[in-house]
Amino acid sequence: MIERKFSILWYGALAAILLFTVIWTLFPMFWMLVTSLKTNLDVFQVPPTILPQDPSLKSYENLIFGSTPIYKYFINSVITSLGTVFISIILATLAGYALSRLRFRFRKAISIGVLVTQMFPLVVLLIPLYLLYVKTHLLNTYIGLILGFTSFSIPFGIWMIKGFVDSVPIEIEEAAMVDGCSRFQAMRMVVLPLILPGIVATGVFAFLDAWNNLLFPLTLVNDISMKTLPPGMILAFGGEFKHDWSGMMAASTIISIPVVVVFILLQRYLVEGLTGGAVKG
Amino acid sequence: MAKKILAKLLKIKFNKENREPSVHDSPKTAAILLAPALLLMTFIIFYPLIRAFILAFYNLNLTQPNNTAFVFLENFRIMFRDETFWVVFKNTFIFTFTTVSISLLLGLIIAIVFDQLPKKYAGYRGIILVPWVIPGIVVGYLFMYMFDVEVGIINFFLQKIHIIENYLPWLMRDKLAMASIIIAHIWNQTPFFILMITAGLKAIPRDVQEAAYVEGASRWQEFRHVTLPFLKGILVISSLLMVIRNINNFPIIFTMTGGGPANATTTAAVYIYKIAFEQYQLGYASAVGVIWVFALLALSIAYIKSLQKDF
Numbered sequence: 001m002i003e004r005k006f007s008i009l010w011y012g013a014l015a016a017i018l019l020f021t022v023i024w025t026l027f028p029m030f031w032m033l034v035t036s037l038k039t040n041l042d043v044f045q046v047p048p049t050i051l052p053q054d055p056s057l058k059s060y061e062n063l064i065f066g067s068t069p070i071y072k073y074f075i076n077s078v079i080t081s082l083g084t085v086f087i088s089i090i091l092a093t094l095a096g097y098a099l100s101r102l103r104f105r106f107r108k109a110i111s112i113g114v115l116v117t118q119m120f121p122l123v124v125l126l127i128p129l130y131l132l133y134v135k136t137h138l139l140n141t142y143i144g145l146i147l148g149f150t151s152f153s154i155p156f157g158i159w160m161i162k163g164f165v166d167s168v169p170i171e172i173e174e175a176a177m178v179d180g181c182s183r184f185q186a187m188r189m190v191v192l193p194l195i196l197p198g199i200v201a202t203g204v205f206a207f208l209d210a211w212n213n214l215l216f217p218l219t220l221v222n223d224i225s226m227k228t229l230p231p232g233m234i235l236a237f238g239g240e241f242k243h244d245w246s247g248m249m250a251a252s253t254i255i256s257i258p259v260v261v262v263f264i265l266l267q268r269y270l271v272e273g274l275t276g277g278a279v280k281g
Numbered sequence: 282m283a284k285k286i287l288a289k290l291l292k293i294k295f296n297k298e299n300r301e302p303s304v305h306d307s308p309k310t311a312a313i314l315l316a317p318a319l320l321l322m323t324f325i326i327f328y329p330l331i332r333a334f335i336l337a338f339y340n341l342n343l344t345q346p347n348n349t350a351f352v353f354l355e356n357f358r359i360m361f362r363d364e365t366f367w368v369v370f371k372n373t374f375i376f377t378f379t380t381v382s383i384s385l386l387l388g389l390i391i392a393i394v395f396d397q398l399p400k401k402y403a404g405y406r407g408i409i410l411v412p413w414v415i416p417g418i419v420v421g422y423l424f425m426y427m428f429d430v431e432v433g434i435i436n437f438f439l440q441k442i443h444i445i446e447n448y449l450p451w452l453m454r455d456k457l458a459m460a461s462i463i464i465a466h467i468w469n470q471t472p473f474f475i476l477m478i479t480a481g482l483k484a485i486p487r488d489v490q491e492a493a494y495v496e497g498a499s500r501w502q503e504f505r506h507v508t509l510p511f512l513k514g515i516l517v518i519s520s521l522l523m524v525i526r527n528i529n530n531f532p533i534i535f536t537m538t539g540g541g542p543a544n545a546t547t548t549a550a551v552y553i554y555k556i557a558f559e560q561y562q563l564g565y566a567s568a569v570g571v572i573w574v575f576a577l578l579a580l581s582i583a584y585i586k587s588l589q590k591d592f
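As given, the protein sequences belong to chains L and G, one line each in that order.
For the first sequence, the numbering used here assigns the number 1 to the initial residue and increments by one for each residue that follows.
For the second sequence, the numbering used here assigns the number 282 to the initial residue and increments by one for each residue that follows.
Treat the hints as calculated values from the structure; they're not laboratory data.
Note that the coordinates shown come from a computational prediction; the quantities given were computed from them, not determined experimentally.
In this text, a Cβ means the ideal position worked out from N, Cα and C, and glycines have one as well.
Take the hints with a grain of salt, since some may be wrong.
Unchecked claim - Computed cross-link-like contacts, DSSO-like style, restricted to lysine-lysine with a CA-CA straight-line distance of at most 27 Å:
hint, chain 1, residue 1, chain 2, residue 2
1, L, Lys242, G, Lys456
2, G, Lys555, G, Lys456
3, G, Lys555, L, Lys108
4, L, Lys135, G, Lys555
5, L, Lys242, G, Lys555
6, L, Lys108, G, Lys309
To be verified - Part of the chain G face toward chain L, derived, beta carbon under 8 Å:
hint, residue
7, Arg332
8, Asn347
9, Phe351
10, Ile409
11, Gly417
12, Ala566
Please put together the full structure from these sequences, using the hints given.
Okay, structure coming up:
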C-alpha cells in the first residue's frame, strides 16, 4: 500500500483537530463528574476550580438517602427498560424475519408503513394515547410505559432485523429445510444464530431509548412512585432546587452510568446494527 | 392529496426482489409471525394516529371534557392566524437546519481525521461517540449548567480569552438561547455522523484512493472527486434522518429552556407538548400535530427514496 508524504502543516492541522475533538467531547462529561463531587459552596466559587477543593460524595448521599426517592425511580427505569427490550426483541425478530423472507400480499405496504411510523412526531401520538390510557387504566402502570416505549423500538427493530435477515443467504435456510427442518426449526437453528448481532443491537437501541425517554413517563405517569429517572429528575430539580448544581450533576451522572456502560460493552453491535441494518434498510 | 402520497409510497420499489419465494411460503406463517408486532403497533401507533386526525376537528379541552364539540376546520383557522404557530415554524427550521448542518460538517471532519490515525488507535474512537448515548435530560441539564449566567464555565472561559467582556445571560436572550440549545444538540449528535461517515469511509476501495494519488491528485482533489462522491449517499441519508429526529426533539430543549424565553426556542415537539399537556387543549394540539405529520411525511418520502437510490 502506498503511503502519502506528510507535511508538518498537515500533521499540525490533524493534531489540532484531534485535540479539539477530545476536549469538546470529553470536557462536558468531565465537568459533570467534577461538579457532582464538589460541594455547592465550591461550585459557586469564582474563579471556578478545575478539581474539587475537597471532594465529597455528599450530593450522592443526599440523592440516595434524602427526600428524593431516586432508588425508586432507578428501579422503575430498570423494570420498564428491560421490559421494553424483552418485548421489542421478540416481536421485532418475528416480524422482521417475515418481512424479509416471506412473500405475501401487502408485504411492501407493511414494510413501508413500519418504516414511516418511525418518522411520526411521538408527541402527536401521545395525545390520543393519553386518552386511551385513561380509558384502559394504563396510566401509572409499568405495562403502559413499556407499550409506549415500544412505539419507537419495535418499528426500528423490525427494520434492523429485516436488514440482517436480508444479508443471510437463503440457500443456507433452504438446505436446512430440504434436510427435514420445518420453517420454524430452520429459523431457530440456522437464521437466529446468524442474526444474533442484529438482535443484540435491537435490544441495545430499545434499552437506550426507554432509559432516556422523557416524554412518555412525563405524561403517562403522574404517580410519583411510578416515575422513571428522567421525569424524576425534573421533579427533583425543577423549582426551588434549580441551583443545586452539584446534586443535579450527581443525578445526571447516576442516570448516565448505565447507558455509558451498555454503550462501551456493546458498541460493536450498535455500530453494526446502524450501518448494516436499520438505516440502510 | 393523501391518495396521491399513498400511491407514490406504494410505487416505490423496495429491495429489488432478488429472492424468489422459497420453500412452502404460506400467508398463514406470515400472519402468525407478523400479528403480535402489528397488533401492538395498531394499539400504540396506528390507532392514536387516526384518532389524532379526528381530534384535530374537535374542540376538546381536558379541563372541560363535557364541552367537547365538533368544530370542523376551526382549529386550523385559529392556527394559521396564530403568530406563535409561525414563530415555532421558523424556530424549528432554524434549529433543525443549523444543528444538522454543523453536526454533519463536524462529523465529516472528525471522521476523516480519525480515519488517518494508525489502526492501533481505532479503539479510542469509541470514546468520542459517548455523547450520543447520554440521555437528553442530562445533556439539557449539563448545558444549562455550563451556560448559566453566574456559575457557567462557558462565560468564565469566554471572558478569560477575551471574547466577551461581561458574562452573558445565554439562556435568557432570544438568539443566545437558540444558539445554546443548538450547541447542546451538536454535542449530542455529532457522534452519530462520525459513526455513519466512518462506516462510509471504510467502504471506499483503497485502490481507488491510491489511483488518485498516483495520478497526482492533491489531497483536496482526492476528497472532492473520490471521497465525497462515495460518501454522498450516507451523508444524505444520515442528514434526512437527523432532520426528522430534530423536528421531533423534545428533552434537551424542554430541560434547558422550556422553550423560552417567550417561545424563542420553542420548536414543533415542545410546542405541541405545551398546548396539549400544559394548556390541555387536546383538539388544537392535534391540529398542530397533523400539520407536522404532513411536513414529516414529505421528508420521509425523500428519506425512503434516497435509501433505495443509494443502497
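Here is what the structure says about each hint:
1. Between L:Lys242 and G:Lys456 the CA atoms are separated by roughly 23 Å; this keeps the pair inside 27 Å, and the hint holds.
2. The hinted pair formed by G:Lys555 and G:Lys456 meets the criterion: a straight-line CA distance of about 21 Å does not exceed 27 Å.
3. Between G:Lys555 and L:Lys108, the direct Cα distance comes to roughly 37 Å. Violation of the 27 Å bound is thereby established for this hinted pair.
4. The straight-line distance between the Cα atoms of L:Lys135 and G:Lys555 is roughly 22 Å, inside the 27 Å bound, and the hint therefore holds.
5. The straight-line distance between the Cα atoms of L:Lys242 and G:Lys555 is roughly 21 Å, inside the 27 Å bound, and the hint therefore holds.
6. At most 27 Å may separate the alpha-carbon atoms for a hinted pair to count; L:Lys108 and G:Lys309 meet this at roughly 17 Å.
7. At about 4 Å, the closest approach between the beta carbon of G:Arg332 and any beta carbon in chain L falls short of 8 Å, and the interface hint on this residue holds.
8. The interface hint given for G:Asn347 is broken, as the beta carbon of that residue sits about 15 Å from the closest beta carbon of chain L, more than 8 Å.
9. For G:Phe351, the interface hint is violated, the least distance from its beta-carbon to any beta-carbon of chain L being 16 Å, above 8 Å.
10. The criterion of a C-beta within 8 Å of any C-beta in chain L is met by G:Ile409, whose closest approach is roughly 5 Å, and the hint holds.
11. Interface restraint check for G:Gly417: the shortest CB-CB distance to chain L comes to about 6 Å, inside 8 Å, so the restraint holds.
12. A hinted interface residue such as G:Ala566 counts as satisfied when its beta carbon comes closer than 8 Å to some beta carbon of chain L; here the least separation is about 6 Å, so the hint holds.
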